[in-house]
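Enquirer: Below, each chain spelled out in residue letters.
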Amino acid sequence: MGALSIRDVRKSFGTTDILKGINIDIEAGEFLILVGPSGCGKSTLLSLIAGLESITSGEIHIGGKLVNNLSPKDRDIAMVFQSYALYPTMSVRQNIAFGLEMRKVPKAERDATVARVAQILQIEPLLDRKPAQLSGGQRQRVAMGRAIARNPTLFLFDEPLSNLDAKLRVEMRTEIKLLHQRLGTTIVYVTHDQIEAMTLGDKIAVMKAGELMQFGTPQEIYDQPVNMFVAGFMGSPPMNFIPCTVQQQSNDYGVELETHGQRYFLTLIGGEKLKSSLGRDVILGLRPEKISHPGEAHQASHIATRLRTKVEILEPTGADTLVVVIVNGKKIVCRVHPKFAKAPGESIELGIDSSNSVVFDPSSEARIV
Amino acid sequence: MSLLQRLEPQLPKIVVAPTFLCALLFIYGFILWNAYLSFTPSRMLPNYEFVGLIQYQTLFENERWWTALKNLGVFSFLFVGIALIIGLLLAILLDQKIRGEGWIRSIYLYPMALSFIVTGTAWKWMLNPGLGLEKMVREWGFADFTFDWLVNPEKSIYTVVIAAVWQSSGFVMALFLAGLRSIDDSIIKAAQIDGASMPRIYARIVIPSLVPVFISVIMILTHIAVKSFDLVMALTGGGPGFSSDLPATFMYSFSFTRNQIGVGAASAMMMLMMMAAVIVPLMYSDLRRTKGT
Amino acid sequence: MSATTAPGTNRVARWFVYAVLLLACLYYLLPLFVMLSTSLKSLDEIRAGNLLSLPKSLNFDAWAKAWGTACTGVQCEGLKGYLWNSIRFTIPAIFISTLMGAITGYVLAWWRFKGSNVLFGLLLLGCFIPFQVVLLPMARTLGWLGMANTTAGLVLVHVVYGLAFTTLFFRNFYVTVPAELVKAAKIDGASFFQIFGRIILPISIPTITVTIIWQFTQIWNDYLFGVVFSSGEQQPITAGLNNLVNTSTGVKEYNVDMAAAVIAALPTLLVYIVAGKYFIRGMTAGAVKG
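Residue numbers (our numbering), protein chains in the order written: chain A, 1 to 369; chain B, 1 to 293; chain C, 1 to 290.
Just so you know, these hints were derived from the structure itself, not from any lab.
There's no promise every hint is true.
[Stated by the list, open to error] With beta-carbon atoms standing in for the labels, derived distance ranges:
#	chain 1	residue 1	chain 2	residue 2	range
1	A	170	C	13	50 to 56 Å
2	A	162	C	18	45 to 51 Å
3	B	184	C	122	33 to 39 Å
4	A	342	B	208	51 to 57 Å
5	A	162	C	11	48 to 54 Å
6	B	209	C	73	16 to 22 Å
7	B	43	C	80	55 to 61 Å
8	B	208	A	125	43 to 49 Å
9	A	170	C	175	34 to 40 Å
10	B	43	C	149	19 to 25 Å
Note that CB positions come from ideal geometry on N, CA and C, so glycine has one too.
All chains, full assembly: derive it from the sequences and hints.
Expert: Shown next as structure tokens:
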């Protein structure tokens with residue numbers, strides 16, 4: 001019995017379909033991320049789980065119980081909002097206790113809960129302040145405190161870190177992760193930031209235009225994306241997509257890469273699927289970190305290839321430098337150690353590791369290999 | 001489930017029902033009732049026999065009604081026009097980072113806090129022929145100055161314009177000032193860098209972006225003009241004779257003093273239609289403009 | 001926007017601006033000054049001097065007369081009775097119309113249902129009608145209900161015709177409340193009324209103030225409803241003032257007239273002086289439709 005079960009859930013407004021049949025199952029204690037671009041329906045799905053909007057068809061089960069017709073307050077959930085939504089005229093203490101008050105929890109118990117929550121989140125000195133007197137990060141904690149106080153079956157987070165500046169965002173991300181480890185409650189977390197998705201989630205559901213593109217662990221989504229959308233959405237900088245044709249060279253199958261006037265053959269591991277695509281036009285997906293300065297790995301692996309090309313643009317990021325070159329007519333991004341970076345216009349030698357490469361069909365954008 | 005729980009989803013509708021019913025009944029229901037009355041020969045008491053458009057015919061054969069209509073036209077045109085100009089001018093001037101702006105604004109706006117009766121009474125005294133404005137200007141040396149507009153049938157309606165403009169132009173100023181303030185400074189700066197002079201900036205950028213305010217102001221002022229009753233009653237009583245009558249005073253007189261309810265109802269319907277004729281097109285153009293953005 | 005005192009603005013222009021603004025101040029203050037000074041003069045002083053001449057001394061005789069003994073038609077008891085009349089119906093009307101407006105605005109903003117937009121549209125339109133078109137039916141209705149010429153009748157009238165505005169004020173304010181606040185309260189388990197009482201009302205104080213001040217001004221200053229739906233001693237102070245000024249028995253006592261006008265104007269004027277910014281907010285809010 002899972003903590004949350006979403007079965008073929010659809011949502012329409014009049015003739016517009018916002019959600020077109022979503023199926024997700026997670027176990028108790030798991031951290032589920034709903035990620036996708038604006039308009040993909042992730043916030044709507046969260047609203048449906050919360051009971052703030054009604055489902056057009058399908059079922060949602062929380063803790064094994066069908067909740068379709070239950071109002072939010074009967075679903076044993078708590079929610080943290082993007083704008084925190086703290087009650088402006090109440091003190092922090094009253095904000096945290098409000099949900100308990102509505103459920104007629106006796107005062108003594110309420111006070112004890114508020115004290116416990118304040119201690120977990122380290123907001124004890126703020127208890128008597130009003131929201132207007134708090135900083136962004138503090139408000140964020142109070143919002144979480146309000147949710148924790150209710151001790152629900154399910155925590156819902158709606159882009160809670162979007163309103164924080166970059167540094168604070170990283171700090172709060174870690175805190176949320178720690179909280180999850182400590183409390184062990186099931187969490188559903190909506191974000192458009194794929195870094196948050198990768199670092200926080202146990203399971204990720206990538207959504208686009210109302211459909212579930214892929215559901216799996218972060219590593220699965222990263223290494224084995226099911227189509228070009230998922231591949232391009234997760235990972236920063238995004239995966240390179242190189243148009244090419246499947247060819248054969250002696251006993252190996254692979255693709256031909258043309259850059260700066262030279263042609264190279266890149267061997268791919270793909271077994272039968274690759275063999276049966278011989279001659280087809282495909283899109284090769286290579287992550288930037290797989291195209292790097294020639295190093296030991298490239299010498300050792302028999303599927304590595306070296307090529308020489310011209311640098312178009314350089315983007316130093318400190319830890320490594322992103323080099324943009326042109327292959328098969330397309331701009332691709334490579335991660336190179338700063339030491340090996342060359343200036344724009346100069347020639348550079350790169351090594352490609354195709355061991356984790358992916359091959360897509362150009363028209364369906366689905367993964368072939 | 002208790003009764004309250006069963007009712008809960010319907011609560012919003014139950015709660016607004018009283019307001020809804022009030023609106024339905026006391027506004028729209030009454031309008032229909034009044035419309036029906038205008039088709040009856042009612043005099044002192046309602047008589048619900050249907051006689052078609054006879055009362056409207058009576059209305060439009062009545063010289064006093066025509067005077068009232070003509071006065072409304074003159075009054076509205078002058079009132080709206082002058083108040084617009086004064087309000088816009090004062091708003092533009094006040095927008096120039098004036099010291100004491102708060103005080104000045106309060107002074108311009110306080111007339112709106114007064115009843116039209118008070119305004120009418122005050123101006124009635126100020127324009128008093130013999131003791132008011134006329135006497136004052138004569139004592140300043142202009143011995144031949146006359147200002148008997150208040151008692152002059154040809155000019156009495158203009159006194160209503162004067163008092164109404166005094167009361168409402170501050171309000172117009174407030175609306176234009178808010179409109180001016182909402183214009184993005186950087187657009188003006190860009191225009192200045194582009195080499196445009198201030199008058200040109202006003203003409204080509206500022207005033208066109210005030211169009212929504214113009215529409216609002218015209219709607220509100222017209223509304224005030226058509227409804228003008230209190231001011232006329234206090235200032236001229238509709239006189240001398242009927243020379244400063246307006247449809248509102250006409251309606252009151254015929255309905256409640258002269259016991260001609262049918263005619264009164266007809267005049268009220270005409271007032272409603274006149275209001276609609278101005279408000280509806282303005283609202284429509286406003287709606288279309290905002291839909292397009 | 002403003003033309004800043006950047007290079008190119010000349011001082012003559014600035015002086016001109018100030019001069020015009022000051023002239024306008026005099027224009028708006030003139031009637032108030034005239035009312036006050038005339039009310040403090042004796043009739044002889046009035047005839048001897050002109051509008052702008054100052055009173056010789058602070059003579060409050062006219063005021064006393066306006067308050068207690070001036071004739072308003074058949075009665076000669078001044079304005080004091082009328083003042084109480086106005087207070088008696090104004091206060092309940094403000095209270096009821098504000099409360100109804102608040103809860104209706106709350107529903108229209110946060111608990112929309114099928115047709116609630118239509119209701120809102122109808123109310124909005126209702127702000128625009130000339131009241132002449134409901135006078136006759138309302139007069140008959142009040143008669144039926146036995147409320148003709150009563151305080152209750154005037155309360156009813158002012159509540160009904162003030163609802164459109166009060167609802168508009170509150171609804172326009174409530175739609176600016178962040179949606180997430182109401183969602184959080186729903187998830188916390190608060191009911192329809194709990195959300196209204198614990199969350200919405202506490203943040204409504206400024207809007208409530210604006211509404212009360214606006215309603216007070218509208219209702220107190222009204223003449224049309226007062227004169228149509230009540231008569232004689234029951235009438236509000238506006239009607240009392242008009243009667244006082246237009247009762248022509250013998251010599252016209254302009255000083256009494258002016259004193260009466262000031263007395264009638266004082267309440268709303270005082271509210272304006274004390275809480276002017278709320279008044280202005282009400283005016284401009286009412287002008288921003290929908």
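Enquirer: Decide, hint by hint, whether the structure agrees.
Expert: Hints, verified against the model:
Range check, residue 170 (chain A) to residue 13 (chain C): Cβ separation about 55 Å, and the 50 to 56 Å hint holds. Between residue 162 (chain A) and residue 18 (chain C) the C-beta distance comes to about 49 Å, which sits within the given range of 45 to 51 Å. For residue 184 (chain B) and residue 122 (chain C), the Cβ-Cβ distance of about 36 Å falls inside the hinted range of 33 to 39 Å, so the restraint holds. Evaluation of the 51 to 57 Å hint for residue 342 (chain A) and residue 208 (chain B) yields a pass: the beta carbon distance comes to about 55 Å.
Taking 48 to 54 Å as the suggested C-beta distance range, the pair residue 162 (chain A) and residue 11 (chain C) conforms, at roughly 51 Å. One distance hint, 16 to 22 Å for the beta-carbon pair residue 209 (chain B) and residue 73 (chain C), is violated here, with the actual separation near 53 Å. The hint said 55 to 61 Å for the Cβ distance between residue 43 (chain B) and residue 80 (chain C), and at roughly 38 Å that hint is violated. In this structure the supplied range 43 to 49 Å is violated for residue 208 (chain B) paired with residue 125 (chain A), their Cβ-Cβ distance being about 54 Å.
The given range of 34 to 40 Å is respected by residue 170 (chain A) and residue 175 (chain C), whose C-beta atoms sit roughly 35 Å from each other. The supplied range of 19 to 25 Å is met by residue 43 (chain B) and residue 149 (chain C), whose beta-carbon atoms lie about 22 Å from each other.
The structure fails hints 6, 7, 8 (numbered hints given earlier, in ascending order).
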